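Engineer: Model the full structure from these sequences, guided by the hints.
These protein sequences, in sequence, are chains A and B. Under my numbering, the residue at position 312 of the first sequence is numbered 312, and the numbers go up by one with no gaps. Under my numbering, the residue at position 19 of the second sequence is numbered 19, and the numbers go up by one with no gaps.
Treat the hints as calculated values from the structure; they're not laboratory data. Here the structure is a predicted model, which means the values were calculated and not measured. A couple of the hints might just be wrong.
Stretch by stretch, here's where chain A covers chain B in the computed footprint (C-beta under 8 Å, at least three residues) [claimed, not checked]: (1) 85 to 92; (2) 108 to 117; (3) 231 to 244; (4) 283 to 289.
We put the beta carbon where it would ideally sit given N, CA and C, even for glycine.
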Amino acid sequence: MRGRPNLYTDYQKESSIFSNNTQKSWFGILVTLSFAFCFLASDYWILLLTTSFLIAIAGWGLNIVSGLAGQINLAHGVFIGVGTYASAVVGGISTSSVIGFDLDMIFWLPLAGVAAAIVGLLIAPITVKLKGLNLALVTLALVFIGSHLFSNFKSVTGGAGLGRKVATLKLFGVNLEKGIEIGTFYLQKNQILYLFCLLTCVLAGLGFKNLVRSRAGRAYSAIRDGDIAAEALGINLFRYKASAFALSSFYGGISGALFFTVSGGVEPGTFSLLYSITFVAIVVIGGAGTVLGPLFGALFYTLFPALIQLLLHTFEIGEQSLPLNLGQLERLLFGLFIILFLIFEPRGLWGIWFRLRNYFKAWPFSY
Amino acid sequence: MIIFLQATVEGLSLAAIYSLVAIGFVLIYKAMEVLSFAQPALAVVGAGIISSLAIDRGIPFWLALFLGVILTGILGLLIERTFLRPMVGEPVFSVAVLTIGIDILLRTVLDSWIGINPKYMGDPFPSYGNFGAVKLGGVNIKYLELAALVTAILLIILLTIFFRKSKYGIAMRATSYDQEAAMAQGINVGRIFGLVWMIAGILAAFAGFFITGGFNTLSQFSFISALRALPAVVIGGLDSIPGAVVGSIIIGLTQGYVAYYQLSFESLIGFSFGNGFSVVAPYLIMFVILIFKPDGLFGTEEVERV
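Structural biologist: Below, the structure written as C-alpha cells:
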C-alpha cells in the first residue's frame, strides 16, 4: 500500500497502535530524542520535563473517565492524593509522627495505583448511578471530603500545614537517591527519575492508546455518546463506568506517587479543589478524548510558566513592575486559556495540531 | 437550650446567605441549563467591590453597597455576553468547565487585590452596626446575622413578585419552561439570559457582603463559604427555587449544629470527626441525598430519550 497510507484493507490494520510506518518512526524518533535529552539538557529542563511526563500520566487517567467514558470527574486530585499517600506509607520512612514501612519501589509504585483504583471502585455505587452535572457535583463533594480526611489522618499524612516525606527511591534494593554508577558511567538522581518517568509515561501512553481500541475502550465511547443506548446494546453500565473510574484512579495514583517523589514531600493542602480542576483544565486544553491531548496539555501546563519566565528574563522585566505576581499571572492566563480553548477550539491543542497536520498533508491544496 | 437556640440562629443566618447564592445557581440553571461554578467568585468579587468603594475610596456605606451590588450584576451580564453567549448549545460539561475558567479568572484578579491582609466591609451604623450584637434571652445575635436574614427574606419576596407579576419575570418563566416556544411568542431569549445572570450577580453580591461583613472579613478563602451554596442547590434540586431555599436551610442548620454539638457528640461516641468538620458536613449530606434522590428533594425527575 505504498503511497496510500490511509487505505486500510482490514480492521486489524485500522485499529493497530501505529497505523503506518510514519507514525511508528516518529514515535521512535521522539522517544529516542527524549531519551537523549537527559544527557544534554540542564537540571532545570530535565525536572520540568519529568513533571510534565507525570502530569501527562494523570491527564491520561482523567481522560479515560472524562474524555473516553464521558463521566465528569472533578475529584481526580483526590485519587492522586490517595495514591501518593499509599506510596508514602508503603515506601516512606516512619518517624515519630507518621507511619511508613520503607519498602522497595516495586512494591510502592503498583500499590499506589491499586490503592487509588480501590477507592475509585469504592465510590462506584454512587458515581455509576449519577450522570452529567450531578456527577460533577458529587465529585466536587469528594474533593472537600477527601481534603478533610487528608488533613485529619495525621498518622498517614502528617496533618495540614506540616505534611510528610514521601516514598524513598529504592529499586531492587539499590538506593537511587544519590545516583548510581554503571561502570564508568554516572547517572544523577534527576536523570534516573527522568528516565524512569519517561518510561512510565511511554508505557502509560501506549496503554491508553491500547485501551481506546480495546473492547473496554469502545464500550466507554458508547457510554459517552449515549448511555441508555449503550445499555440497550448490552453494555454493562455498572461494570464499565466503575472500571473507567478505577483505571483512571490507577493512572492518577501512579502519577501522584512519582510526582511527589520528585518533589520530596507532600502536604495535605496540595489536594485542593484547584489541584483537581487543574487536571480537568489540562485535559480540556490538550483535547479531551484524544490520545495525544493530555500529553500536549501537560507539556503546555509545565512549559508555559517556564516560557513566561524566560520572556520576562529576556526582556528584563522585573517581577515588581507587574501588577500581578508570577503565580497569579500564570493562573490568570491559565483560566483565560481554558475559556478561549473551549470557545474557539473545543478539541484543544490536539485540534490545532490536527488541523495543522491536515493542512500540510494536503498542501498546497486546501481541499 | 440556649446553645440550641444560638446554633439555630446562626444556622438560619447562614441559610439566608446560602439561599441567595443558591437562587442565583437555580435561576441560571433553569434558564440556560448551565451550572455556573463562577457564582462563588461573583459573590466575593461583589464583596471586594463594596469594600474597595466603602473603605479605600471612603464612599458612604449605603452608596457603596448599592454600587457594589449593581456593578456585580453588570459583571454577571458581561460574563454572559462575552463568554457564555458563544457557548449556547455546547455540551453541559464544556460550559461547566468554562465557568470554572471564569471562576479562576475572577478570583485571581481578586486575590491579587486582596493580598495578605484581609479586607473589611464598611459599616452602616458605626455605633452598633456590622460588628455589634444583641442579647435576646441569653442568645447572642449579631446584627449582621439579623440583617442577612431580613435581606434574604425581602429579596426572596421581591423575586417572587417579580416572577409572578412583571413582564420580564413571566418571560423568564416561559423561557425556562420551553425556550423555542418562548421565542415563538416574541420573547427575546438572549436578553433573558443576560437578565438572569444580572440577577444572579446581584444576589451573589448581597451574599458576598454578608459572608465577609463584620469580623468575618474578605480573604482569599472567603469563596469557600459561598461555594457551600452548591450542596444546598443539589439537595433542593437543581431546577427548583423553593428547593434551593429548603436546601440552604438544611445546610445552614447542619453547619450551625455541627459547629456547636460536634465536641460533645464526639466525646459521647469516642470518635473524632476532625477539625473543621462543620465545613465538610454539608457535602456529606449532599452525598447521602444524591444516593437516594439523584434529582434532589424538589427537582423534577429527568426523563431521557435515547
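Engineer: All the hints need checking, so say for each whether the structure fits it.
Structural biologist: Each hint, compared with the structure:
no., hint, verdict
1, 85 to 92, "holds (count 4)"
2, 108 to 117, "holds (count 4)"
3, 231 to 244, "holds (count 3)"
4, 283 to 289, "holds (count 4)"
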